[in-house]
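Undergrad: The lines below spell out each chain.
2 protein chains.
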Amino acid sequence: MRSHYCGGINESHIDQEVTLCGWVHRRRDHGGVIFLDLRDRDGIAQVVFDPDTPESFAQADRVRSEYVIQIKGRVRHRPEGTENAHMATGQVEVLGYELELLNEAATPPFPLDEYSDVGEDVRLRYRYVDLRRPEMLNRLRFRSRVTSYLRNFLDGHGFMDVETPILTRATPEGARDYLVPSRTHAGSFFALPQSPQLFKQLLMVSGVDRYYQIAKCFRDEDLRADRQPEFTQVDVEASFVREEDIMNTMEQMIRNLFQDLLSVELPEFPRLPYAEAIRRFGSDKPDLRIPFELVDVADLVANVDFKVFSGPANNPKGRVAALRIPGGGELTRKQIDDYTNFVGIYGAKGLAYIKVNERAKGIEGLQSPIVKFLGDDVALAIMDRVEAQDGDIVFFGADKASVVDEALGALRVKIGHDLDRVEGDWAPCWVVDFPMFEEDDDGKLHALHHPFTAPVSAEELQSNPAGALSRAYDMVLNGTELGGGSIRIHEEQTQQVVFESLGIGKEEAREKFGFLLDALRFGCPPHGGLAFGLDRLVMLMTEAGSIRDVIPFPKTQNATCLMTDAPGEVDEKQLRELNIRLRKSAKDQQEGSN
Amino acid sequence: MRSHYCGGINESHIDQEVTLCGWVHRRRDHGGVIFLDLRDRDGIAQVVFDPDTPESFAQADRVRSEYVIQIKGRVRHRPEGTENAHMATGQVEVLGYELELLNEAATPPFPLDEYSDVGEDVRLRYRYVDLRRPEMLNRLRFRSRVTSYLRNFLDGHGFMDVETPILTRATPEGARDYLVPSRTHAGSFFALPQSPQLFKQLLMVSGVDRYYQIAKCFRDEDLRADRQPEFTQVDVEASFVREEDIMNTMEQMIRNLFQDLLSVELPEFPRLPYAEAIRRFGSDKPDLRIPFELVDVADLVANVDFKVFSGPANNPKGRVAALRIPGGGELTRKQIDDYTNFVGIYGAKGLAYIKVNERAKGIEGLQSPIVKFLGDDVALAIMDRVEAQDGDIVFFGADKASVVDEALGALRVKIGHDLDRVEGDWAPCWVVDFPMFEEDDDGKLHALHHPFTAPVSAEELQSNPAGALSRAYDMVLNGTELGGGSIRIHEEQTQQVVFESLGIGKEEAREKFGFLLDALRFGCPPHGGLAFGLDRLVMLMTEAGSIRDVIPFPKTQNATCLMTDAPGEVDEKQLRELNIRLRKSAKDQQEGSN
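Respectively, the protein sequence lines represent chains F and W. Just so you know, the first sequence maps onto residues 1 to 594 in the UniProt record's numbering. Just so you know, the second sequence maps onto residues 1 to 594 in the UniProt record's numbering.
The set of hints was computed from the structure by calculation and includes no laboratory data. Hints are not guaranteed to be accurate.
Copies of one chain are not kept apart here, so a pair can be met inside one copy or by any two copies together.
Here are the computed lysine-lysine pairs in the DSSO-like style, where the Cα-Cα straight-line distance is at most 27 Å [stated by the list, open to error]: (1) K317 with K285; (2) K216 with K414; (3) K506 with K72; (4) K573 with K216.
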């Protein structure tokens with residue numbers, strides 16, 4: 001129904017007849033002439049109707065914003081002085097002589113002007129209008145280009161696109177499953193996959209050798225800002241590989257992607273051991289664009305009377321660290337109070353600091369509420385250790401190590417942005433040498449990645465599980481984890497040891513993961529892989545403010561779809577077919593738990 | 001960990017050192033030498049270990065079938081007379097001098113030999129072993145090539161890959177939904193999509209203009225042979241298009257696919273109106289390779305005493321049709337009895353026939369139990385009408401039209417295969433001019449496609465809905481519906497009329513499809529599309545015997561996964577979080593329905 005897209009009209013079409021279709025973006029009357037800005041996926045073209053063609057002029061006179069029309073006309077230069085250098089089609093216009101009204105449109109619920117500040121709830125309710133805004137449509141298109149690019153890269157590297165089931169078995173990997181009641185098996189439930197992890201490992205047992213899938217994954221968790229109940233993973237697995245093979249291929253893929261789609265040349269990805277990342281940045285996904293680092297000072301404060309510092313300094317699970325902000329001496333009392341509240345979110349009970357006014361003056365040159373508690377020698381030793389300079393501020397964290405890491409790690413990034421000290425646009429890295437497990441407060445071990453991650457040493461896994469390192473690797477970009485993966489366990493015996501370390505007994509392992517254990521016995525090759533979070537990758541690449549801006553039909557943080565009003569109620573009949581019923585009252589719940 | 005794939009070794013590698021990884025497909029000892037057939041995704045290579053390299057020979061001596069190994073060796077010609085012309089690598093072998101055992105393997109649950117006849121249940125339980133069989137692995141790989149090909153075609157034609165939600169709202173389109181209880185909204189449920197239909201229409205309202213997605217769809221139906229609870233659709237939609245645009249693009253895509261992946265030149269797709277397809281073939285997905293057609297004879301038998309024929313002949317909803325099988329006179333009594341049972345599946349109460357022994361003899365030349373009921377004139381008139389020839393058999397169907405269509409339509413295909421009368425390999429067509437609705441026995445209208453299909457004429461939709469034609473089109477190949485689509489309704493008013501025709505009142509329409517009706521008001525372009533069943537397409541192209549053979553991890557007809565044992569039971573705690581509980585007894589069910 002069209003000869004060209006609106007956005008594609010240019011001087012090469014001058015004097016040609018064109019047929020365009022689209023939406024009336026704007027309509028102006030000027031000097032007895034009607035100007036329509038006609039919009040489609042590719043851009044906007046100016047179409048002019050003058051009274052010389054009375055029929056189409058009358059039609060054009062009727063149209064309003066967002067009406068859907070088809071026009072026929074001839075391309076011509078815009079009159080001199082009326083060109084628009086900001087528009088791709090700004091040198092030309094179409095003199096319209098036919099206009100067919102394809103559909104009318106009610107006044108949109110909000111203006112499509114990209115600068116208008118519309119509440120997200122309204123945008124989500126009328127998502128189909130919101131997506132019309134060029135910036136949203138361009139994000140969708142960019143996402144499509146990203147998936148297409150990644151697929152072609154992986155196809156070209158011998159990876160096979162294989163689909164794995166959505167209706168599958170609940171295999172607790174950590175998060176809560178979405179469940180689907182079975183009609184044919186009363187009382188049984190499918191689970192939606194948290195990832196295709198086990199299936200892709202089974203494909204390696206099958207000899208698929210190189211697998212990928214752009215896969216929907218599901219987690220029924222309370223949503224944080226950048227989480228969605230369903231999200232998309234670029235999932236990759238390969239056999240007969242070592243860490244280097246996967247990491248090199250994936251790094252190349254991401255570097256090529258940035259180069260070809262954004263013309264960005266990413267640097268080589270440095271490799272940062274987990275322990276170093278935590279020590280220097282308080283985070284296993286450090287934003288390396290921020291030029292501040294944590295420095296341990298526990299040894300210096302182990303013997304001070306100030307219990308706030310000496311307590312954690314003498315606790316094997318404690319940490320005392322300093323964070324020097326060059327030039328941060330100018331921070332006001334108000335700003336420091338705000339940062340104190342900020343670290344409180346992460347459980348820090350306060351935020352000690354020392355301002356460095358003039359180091360040459362020794363202890364006199366420091367300004368701080370805590371120097372008197374530390375003693376002069378210790379304070380000066382800390383200044384030496386952090387290499388403080390005049391005009392700096394040094395913040396402190398002293399608590400359980402996890403609290404200090406999170407609090408100072410987050411503070412580091414926040415101050416970096418607040419003071420505009422972000423260096424460079426893109427700072428990728430690999431984080432490696434993760435521990436197999438983390439220990440909770442009860443001394444129970446949890447898999448840091450997932451229970452199928454191979455250990456560096458099977459011996460150490462046996463003798464000292466809490467200290468054993470894994471063959472996992474995460475790709476981090478600008479403080480966001482883009483993807484994570486590992487070499488997997490390919491031997492039944494090792495898998496059993498990991499299950500035992502996690503407190504999963506033989507019987508439970510058989511019950512939950514019997515098919516995996518079987519598969520490992522029937523000739524499983526060494527294998528490993530990685531999964532990228534596609535939504536986050538696209539969000540970073542498009543500099544979108546939220547993950548919801550790169551997902552066509554996202555859910556709210558309350559896990560609802562405002563447009564379709566999902567989830568919704570269902571008929572009693574349907575519930576009966578599924579052999580379930582609602583617990584309506586507390587009394588019902590009581591009975592149900594018997 | 002490898003330098004080459006096993007299947008890639010050939011004479012160009014002679015004297016080169018190679019490292020191969022894979023599974024021991026077969027092991028033979030011959031003249032003091034060990035021969036290992038080493039298998040990977042690409043094929044099989046013969047590796048030879050002789051006692052001159054005692055260490056690797058000892059290793060090779062230990063390996064058994066399906067062990068996973070890595071070998072290093074040198075490629076050489078096979079000794080003269082031992083070449084294997086049936087193998088891609090049959091001219092060469094690898095003289096192995098290092099062997100690393102990567103994993104042992106228990107004896108497989110069934111031999112991987114492709115000729116072994118293993119029950120499907122065992123194959124599904126050990127799917128990861130089943131998929132090792134080269135024919136299965138090749139199907140997975142072919143499927144991957146198909147999706148990659150289709151994606152590249154659609155990318156190249158300006159279609160954008162856009163993801164639509166899996167957790168969505170129950171919008172009854174016909175089949176039963178899979179439901180997902182919401183934890184955060186007690187008593188509410190998400191539904192898994194039966195197709196992305198409404199979302200893709202909303203994307204057209206957004207101006208996406210050309211959309212595609214290879215999308216998972218879900219239907220909780222009792223499964224027929226070629227159905228799965230989750231299946232994959234190649235889903236396409238475009239704006240500002242007419243039937244021709246979609247049909248031409250999609251036909252081109254499928255023709256290119258067959259040409260490039262199978263070297264098959266499909267003929268141009270003839271277009272068959274729905275009424276003609278039913279009349280000639282008894283089916284709206286006719287297998288045009290079968291050279292038999294139904295012929296109406298109701299007018300000839302309207303006045304006979306034989307009520308079995310004259311009843312349906314005089315019933316406006318009845319049909320009397322003949323199916324001539326050239327050369328079918330040789331069918332035995334036993335075969336005819338079997339066909340009588342066969343049409344019984346479709347509700348036919350019998351299968352009348354006339355054998356044509358010698359037409360020149362007139363009525364004497366016919367052999368049939370029914371001629372005496374029809375009378376000579378009618379019998380001979382029928383013979384004229386069907387152009388019967390000596391040696392033919394003519395079958396009859398007389399019943400409600402739907403029964404005759406289904407019974408003779410299926411019989412036509414069955415006999416065509418039984419008598420080896422299938423002509424040609426590939427017979428595609430388009431079926432067009434579908435009615436908007438079909439009427440059930442209660443006179444209630446149901447959408448023949450779905451309620452969003454546009455009518456050919458809005459006037460006829462109003463005045464005579466039961467007779468109105470739609471702008472739908474189905475692509476049919478060899479009697480299988482490959483895909484179906486239509487131009488959609490883009491005006492709210494027309495959509496309301498369709499809902500009314502289906503007995504969906506204003507209130508119910510607003511409640512269930514309010515967001516669609518809203519969207520149609522805000523400037524919806526004319527649009528249409530199509531969806532292909534990917535599983536069936538791949539099944540046809542690979543000549544697989546079942547849809548389950550082209551799905552990596554299929555469910556049984558009972559909707560279970562034998563490998564993971566899904567669906568399974570879940571904790572009481574999970575049910576409580578979801579605000580549901582099981583109905584355990586009839587008594588429970590009684591209470592629940594209050």
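Undergrad: Please go over all the hints and tell whether each is borne out by the structure.
TA: For each hint, the structure was consulted:
no.: 1; hint: K317 with K285; in the structure: within (21 Å within a copy, 71 Å between copies)
no.: 2; hint: K216 with K414; in the structure: neither (32 Å within a copy, 41 Å between copies)
no.: 3; hint: K506 with K72; in the structure: neither (74 Å within a copy, 38 Å between copies)
no.: 4; hint: K573 with K216; in the structure: between (30 Å within a copy, 26 Å between copies)
Of the numbered hints stated above, those contradicted by the structure are hints 2 and 3, listed in ascending order.
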